[in-house]
Amino acid sequence: HSALTQPPSASGSPGQSVTISCTGTSSDVGGYNYVSWYQQNPGKAPKLMIYEVSKRPSGVPDRFSGSKSGNTASLTVSGLQAEDEADYYCNSYTGRNYVFGTGTKVTVL
Amino acid sequence: QVGLVQSGAEVKDPGASVKVSCKASGYTFTEYYLHWVRQAPGQGLEWMGWINPSSGGTSYAQNFEGRVTMTRDMSISTAYMELNRLRSDDTAVYYCARVYWVTNAFDIWGQGTMVTVSS
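Chains A and B, in that order, are what the protein sequence lines are.
Taking our numbering, the leading residue of the first sequence gets 1, the next gets one more, and so forth.
Taking our numbering, the leading residue of the second sequence gets 110, the next gets one more, and so forth.
Calculated directly from the structure, the hints in this document are not laboratory data.
A quick note: this is a predicted structure, and the numbers were derived from the prediction, not measured.
Among these hints, one or two may not hold up.
As the list claims (entries may be wrong) - A few chain B residues that face chain A, going by a derived Cβ cut-off under 8 Å, partial list only:
| no. | residue |
| --- | --- |
| 1 | Asp122 |
| 2 | Ser168 |
| 3 | Gln220 |
| 4 | Met223 |
Even for Gly, the Cβ is constructed at its ideal location relative to N, Cα and C.
Put together the whole structure using the sequences plus the hints.
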């Protein structure tokens, strides 16, 4: 499986919304409802933000939401805050293995 | 407190092997798969494979087949990742991460282990 495709960068002003796409194939994103999203700050381990396409772990703000249509999943951050500036990665189950997205750097203007 | 603690940084010569450990605490070791993910400097996350701590079963990404071995020691709740025939492009931070088979999400991560391959 090749890496899932994400835009290299996205940006928005505080209070605005930003949406990041994650495009795969019918063998990964499109074939399973096991898409998850991770936030990574510089020098830190990734942190789980969304699992099973749209579920939020305890402690993750409801400003973060996920969805999927066909072979493309999306992460939306509403009401952007300065602390949301980070790298974001999607991940999909592929039937036995897993694949990450290429990553998106989110900048809060 | 649930956590994964990894072994310290390593510096290796090209062609050598490295073995990184990942000690689990605060949960039942055999109830979650352990995965390994690496990140080269300035690059994205790359999934390497998983081990089922209960059975010892493994699955590896095609890119690492034949060069990586994942094992575990249930008596000390520790998983290991050994990578052989190291090359300079194996220089990266290696993470272990816990995955619950129901959600297929990486919910707990180790702190990462920097492996540098250089002559």
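Hints versus structure:
1. Asp122: 26 Å, violated
2. Ser168: Holds, about 6 Å.
3. Gln220: Glutamine 220 of chain B check passes; min Cβ-Cβ to chain A is 6 Å, inside 8 Å.
4. Met223: 11 Å, violated
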